[in-house]
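By the count of this note's numbering, the sequence shown reaches residue 621 at its end, each step adding exactly one.
Hints in this document: simulated from the structure, not taken from any laboratory.
Bear in mind the structure is a predicted one, so any value in this text is a computation, not a measurement.
Virtual Cβ for every residue (Gly too), placed ideally from N, Cα, C.
Don't take every hint at face value.
[Unchecked claim] Quick list of simulated restraints, FRET-style, between CB atoms: (1) Arg283 with Glu317: 58 to 68 Å; (2) Gly235 with Thr103: 14 to 24 Å; (3) Pro262 with Gln555: 49 to 59 Å; (4) Ala607 with Arg351: 49 to 59 Å; (5) Arg478 with Ala607: 43 to 53 Å; (6) Cys440 with Lys170: 48 to 58 Å; (7) Gly419 with Gly142: 47 to 57 Å; (8) Arg460 with Ala282: 16 to 26 Å.
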Amino acid sequence: MPKGDSISAVLERLGNSLLTHEAGPAGETHVFEHVTVLSPIDDVPIPTGALVLGVGVQGAHGIAELLGRIGAAGASALVVRAPAEIDSDVHALATKESISVLSLVGGASWLHLATLLRPQSADGEDRWTAVGTADAELDLFKIANSLSGLLDAPVTIEDRGSRILAFSADQARADEARKASVLGQQVPNVYQTSLTSLGIFRKVYTSARPLFIEPFVPGAQPRVACRVAAGDELLGSIWAVAEEPLSAVHEEAMMAAANVAAIAMLRSRIAADAAHRIRLATVAALLEGGHPAWQAAQKLCSPRAVAGGYVLAAGLPSEGRAPSSPTATAGLDHVANSLMMLLRGELPSTICALLGETIYGVVPTCADETVDLSAIRRLTSGFVQRLGRDWRRLVIGIGAPVDRLADLNRSRDDADLVLRVLRSSAGTSTGAGTGAGTPQLRVATREDVYARSLLLRLSDLLAGDVPGYAGPLDRLRDYDQTHDSALLQTLRCWLDNFGDISAASECLHIHKNTLRYRLKRIAEVTRADLNDAETRFELMLQFRLEY
75 MPKGDSISAV
85 LERLGNSLLT
95 HEAGPAGETH
105 VFEHVTVLSP
115 IDDVPIPTGA
125 LVLGVGVQGA
135 HGIAELLGRI
145 GAAGASALVV
155 RAPAEIDSDV
165 HALATKESIS
175 VLSLVGGASW
185 LHLATLLRPQ
195 SADGEDRWTA
205 VGTADAELDL
215 FKIANSLSGL
225 LDAPVTIEDR
235 GSRILAFSAD
245 QARADEARKA
255 SVLGQQVPNV
265 YQTSLTSLGI
275 FRKVYTSARP
285 LFIEPFVPGA
295 QPRVACRVAA
305 GDELLGSIWA
315 VAEEPLSAVH
325 EEAMMAAANV
335 AAIAMLRSRI
345 AADAAHRIRL
355 ATVAALLEGG
365 HPAWQAAQKL
375 CSPRAVAGGY
385 VLAAGLPSEG
395 RAPSSPTATA
405 GLDHVANSLM
415 MLLRGELPST
425 ICALLGETIY
435 GVVPTCADET
445 VDLSAIRRLT
455 SGFVQRLGRD
465 WRRLVIGIGA
475 PVDRLADLNR
485 SRDDADLVLR
495 VLRSSAGTST
505 GAGTGAGTPQ
515 LRVATREDVY
525 ARSLLLRLSD
535 LLAGDVPGYA
545 GPLDRLRDYD
555 QTHDSALLQT
565 LRCWLDNFGD
575 ISAASECLHI
585 HKNTLRYRLK
595 RIAEVTRADL
605 NDAETRFELM
615 LQFRLEY
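Let's have the full structure, built from the sequences with the hints guiding it.
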């Protein structure tokens, strides 16, 4: 069985909605093992068995030239933008070189296509690779420095979100807006807002040539900006500080730099997407436990033998959590990356990924290691304390260590339970209705929240139970609704204050005699003996489980 993914399988999977077979073989035995991006002016190496994304290739002559080049390298397939000009020479060359020629429908994203192209080896191992991407980010810095030398001006390269991907070495000549952007690797919101409200971004992204921009905030210098696009897919922009519009020669140089930057940015994004996908698959396999966890851990920790490990689960509290959105997901994914970088400083085999709305971290441990939960608590506690405003409510549950990788799913269940406690209002603060709570827990183990975790599990067991009778608290609630009273709140406050009349009346802002009267009425409605310790415990337990 040949390794990789067959062209016929890709066509069947994606159909004419995305790809169309134009020339060359397309059978089940015609496979590719890699995906690489190539432009007509690129000189990167092409691996054997590659599927080449021909970004910017135009006309039958351009397709034929590229077929000859990639055929000599042993490539398997070429994808060009539709409508593709396929003449007899292209047909003949595709057949001779045994290269499938496919066309990508107009308007479709090259990055989206690369994400969908995921060859599998015969043994099921993920062999998807984006060749030529290892130096993509370094290439962007080279492009920035080269263009800076040509224009004699500081240069930055940004993505569509105004994140600084690369910058030239001469930023000392830039203004404060540029320096702040480079230092923070992101254009500050105050400048982004101005660029958006003034329509500057829109003008840059719709202009075929570099655009001269007058100072848009006090203290800013004039700039020239040029969009970066791969075909009809917008990727970002290049910015250069300049006192006046560029000459025609310099404009051509900036546009050429933008074309080269587009290829490097596309490669970088594809590589990052591939690495992200592999990380997700690895974390999912570890959390599953059993043999998949063992296989994944061997790749993480090789050549050392892995004996066990433990799982972290992190997320935002349930109360006030915003609905899932692409922005929120991207933010959580960024937090997952930051958490992994932090933990790997002391625990090199740690791997983290966002699954759903929960960040999972897996820390495999070797046979000769002793699990030090104090270290993970110290690292994660420091992490949540340093998070920015948008993530300052993040909480982390630490699962119990397990001695076998096959049991990592048990550590995950433990971490999930602790996270549920921390996410719930009862887990982040206590003393509801008492007016005084304990300090908010941000990082915890099962031991830290043992009693509350038991209550949560008991609540789960009772969730499907539909009692055929009204309990004492149900009778109190019905009485309150009928008589517009507050007996339920009174009982809870009194119980939370352990029967202390003075403390409870102060909490409720009522006179002590009023509280005594209410307690007498509560005993009548509930038919419960409030002087009995067992009865009071049962009522407290019901409050914790039901309210």
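Satisfaction of the hinted span 49 to 59 Å by the C-beta atoms belonging to Ala607 and Arg351: The hint (49 to 59 Å, Cβ to Cβ) holds, given that Ala607 and Arg351 are roughly 58 Å apart.
If you check the beta carbons of Gly419 and Gly142, does the distance land in 47 to 57 Å? holds (49 Å)
Does the Cβ-Cβ separation between Pro262 and Gln555 fall within 49 to 59 Å? The hint (49 to 59 Å, Cβ to Cβ) holds, given that Pro262 and Gln555 are roughly 53 Å apart.
Quick one: are Cys440 and Lys170 within 48 to 58 Å, going by C-beta? holds (54 Å)
Starting from the range 16 to 26 Å, see whether the pair Arg460 and Ala282 falls in it by beta-carbon distance. violated (44 Å)
Looking only at beta-carbon atoms, does the pair Arg478, Ala607 fall within the given range of 43 to 53 Å? With a Cβ separation near 44 Å, Arg478 and Ala607 satisfy 43 to 53 Å, so the hint holds.
Against the range 58 to 68 Å, how does the distance between the Cβ atoms of Arg283 and Glu317 compare: consistent or not? For Arg283 and Glu317 the Cβ distance comes to about 18 Å; the hint is violated.
Is the hinted range of 14 to 24 Å satisfied by the C-beta distance from Gly235 to Thr103? Given about 42 Å between the Cβ atoms, the range is violated.
In terms of the numbered hints stated before, the structure departs from hints 1, 2 and 8, listed from lowest to highest.
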